[in-house]
Amino acid sequence: MDKFGYAQSQKFDTYASRLMPREEYFTSGHRSCQGCGEALAVRWVTKAIGKDAIIAHATGCMEIVSSGWPQTAWMHPWIHVAFENTSAVASGIESALKVLERKGKLKGPMPKVVAMGGDGGTSDIGLQSLSGAMERGHNFTYICWDNEAYMNTGIQRSSSTPYGAMTTTSPPGKLSIGQHTQKKNMVAIAVAHGIPYVATASPSYMFDLYFKVRKALETPGPAYIHVLSVCPTGWRSATDLSVRLGRLAVETGVFPLYEVVDGRYHLTVEVPKMRPVNDYLKPQGRFRHLREKERDFIQRHTLAQYQLLLDKCNATYPEFPVMTEETEEETE
Amino acid sequence: MAHRVGMEVSIAISHAVQMSKAEAIAAYPITPQTHIVEHLSSMVANGELDAEFVNVESEHSAISTCIGMSAAGARTYTATSSQGLALMNEVLYIVSALRLPIVMTVANRALSGPLSIWNDHSDIMGARDIGWIQIFVENGQESFDHSVMAFKIAENHKVLLPTIINLDGFILSHVVEAMEFPDQEMVDKFLPDYHPSYQLDTEKPVTMGAFAMPEVYTEVKMGHQMALTGAYDHILKVWKEWGDLTGRHYQPVEKYKTEGAKILLLTMGCLGEVAEVAVDEMREAGLEVGLLKLRLWRPFPFADLREAVDGAELVIVCDRALSLGGAAPPVLAEVRSAIYDIANRPQTASFVIGLGGRDVDPQAFKNIVAQAQAEAQTGPTQEYHIFGVRG
Amino acid sequence: MSSKPMDQVTWQEIEPGAILTEPGSARGYNTGDWRSQHPVWTKSRCIRCGVCWTVCPEGGISEEPGGYFDMNTYCKGCGICAKECVTGCISMVPEEE
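Chains as they are written, first to last, in the working numbering: chain A, 1 to 332; chain B, 1 to 391; chain C, 1 to 97.
Note that these hints are calculated values from the structure, not bench results. As the structure is a computational prediction, the values presented were derived from the model and not from experiment. Incorrect hints may have been included.
Unchecked claim - Below, computed lysine-lysine pairings styled on DSS-like, alpha-carbon distance capped at 27 Å: (1) 204/B / 51/A; (2) 107/A / 21/B; (3) 4/C / 273/A; (4) 158/B / 4/C; (5) 237/B / 262/B; (6) 282/A / 83/C; (7) 255/B / 240/B; (8) 189/B / 105/A; (9) 107/A / 47/A; (10) 21/B / 103/A; (11) 184/A / 174/A; (12) 98/A / 204/B; (13) 21/B / 105/A; (14) 189/B / 107/A; (15) 204/B / 107/A; (16) 257/B / 237/B; (17) 189/B / 98/A; (18) 221/B / 103/A; (19) 103/A / 158/B; (20) 47/A / 83/C; (21) 221/B / 4/C; (22) 105/A / 158/B; (23) 47/A / 204/B; (24) 189/B / 103/A; (25) 273/A / 312/A; (26) 4/C / 204/B; (27) 107/A / 158/B; (28) 366/B / 257/B; (29) 237/B / 98/A; (30) 204/B / 105/A.
Said to hold, decoys possible - Per the computed footprint, the stretches of chain B lying under chain A, defined by three or more beta-carbons under 8 Å from a beta-carbon of chain A, are: (31) 65-75; (32) 83-94.
Cβ atoms here follow ideal geometry from the backbone N, Cα and C, with glycine treated the same way.
Kindly generate the complete structure, drawing on both the sequences and the hints.
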């Protein structure tokens, strides 16, 4: 039994929205699009982080919408340097705090160090510095806002863009079905570094996310949380569906919610009856070009991956949606 | 009590950093800077320096980690060369824009390609516009002195600019020299604890690194420019204070046997000491030649340079980097620009020497002077000469 | 300085490093100008659960005396609150021109 316990034995007694902390650390007035799932995630993650923390943030949507001179939406001490070096900056902050504390120069309690970046700044251009920071074992938490493309620069593909999605650099066409590679598994990469806490989270499951952030912060050493951030602008979905789509991602097995504590997997949100993947794909314009064979392929692949995860979690299989026979065409 | 030591200059620099009580170091090894960071690493491991030493995974991360360290309020140091400096390039502009007083040693080494581990100034000339204070040293004593002074200059609340100390790789970094080290008490009095003007602090949260619309970008850069040019006075004050304490006085443009000189050689870095030997020999042979050694590169010392060339007829600028396809090699371009508006300005001649670690001896300087003199009569045969190239 | 229009700010008025010393100053920007619709609560069906307040990306919903919730000036009109409301007591209504 690991020392932090399973997610199920949570410390909250009451799950009531109105009893959650009221203080806003990511204030109104930021310039995100209407219905931005990522801004919603930032609002709650920063609430979960609480006062005593320093944030290093990568270039990206959340940085741009919140820090145009002379205004800032951040209540935390916050620094933005460049696109790919957030983890390195966070490593520096964490190290400096250690020596300042030793020398008696810290005035208040030791702040937590949190690094934040989008999927681009995390799994692509930022992967090196993240890997270095995790390997060195700095006491920090990394939060990835995954909206599944380089949204801020105009919806270009990233290694986090899911199979079949339309982006401006993976457009569907006569010779293309859109993104033809699978999403890079950042959680597996983080777990491979042997760090003590890794999790997926979604603002559609607010308490799950809140608790995971607290756990990550309280875990000594590096922690990594991968947050699915619904982007109505890039995903071509209705602005009011951002929370619903996040829920559908979990209920179809596309984005399972789990955590990995000292290398052991635990599912934190169980889905007793899985929904077909098409329920998730249909409301999104970025998948609208997919034909039945691509959708079937996605369904099969999603469930295969989900089963692998369930095996790692030692969890029982839920009721799966009915699938058609696999055809030769699909396995291209 | 100050005491004399004999040691490799890289190690002397580590001692300077140790005596300056640097608190946070993030570095990635690259020849020929390695001895500096290895020795610092060993000092930290033995408790001789109370600092956090972070072994980052690249130079880009080294300077980025230094930003985090300095922004959080620690006295921060790093070192690099050549490709490492080039890899840091994008971030270097941000360090100075954020006004973080990081001190960095650059052990000057040629940039690839082709790959070369040997000394020239191409690496730092690729970083002219980064907005840092930049100083050149030419021997071990200067390497030590300026490393300590760099922290004081950088951390001054009216300056708040990162500072680079350039020392020639191998021909300076790896030589053993006799130097005088001050005692710790003197350094502590000269360089008190670091107190940041701005800091990432939960009691007083700030946002660092906001983006700027076109309406204000120019004004922000103006502020940066004024800080860098305004740093000149503070640099000289710190040099004077050190000079009064140690007897070693430094100038933005050092002059060697320039009285009555009609011809002036101009160098940067430790080839200046080689040129001194040549100047001695030429003076003995009756030639009125002198030497200017440019120490302060950024902010550029306009007044000192103009005053130094006053009365000369020919200034022979010896560059150690090329600006391929450009109008002039880097130092020539700046010197010419600085003296352009002087009435009766001297002629200039340009020689690029010592690329990729090619040895330069006193005879080379004598040949350069002879060639420059000849061309001053007949007019230059080309814009600038790559001295000693075969073929 | 923060009240001056951006294109009149002098370089001397900008903090070194363009650092921002007032946390949360984004509150000075009224994102409500963006919306083309806004939420309306039917109070008789509101159970004061607070879900709407939770799911608003803007912090655009505030609690009133009595424990009910209402939009504030920052609402961008995305409609998530109406979609997620447990009792369905929120409707999105077009802005008047």
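Index of numbered hints that the structure contradicts, given in increasing order = 3, 5, 18, 29
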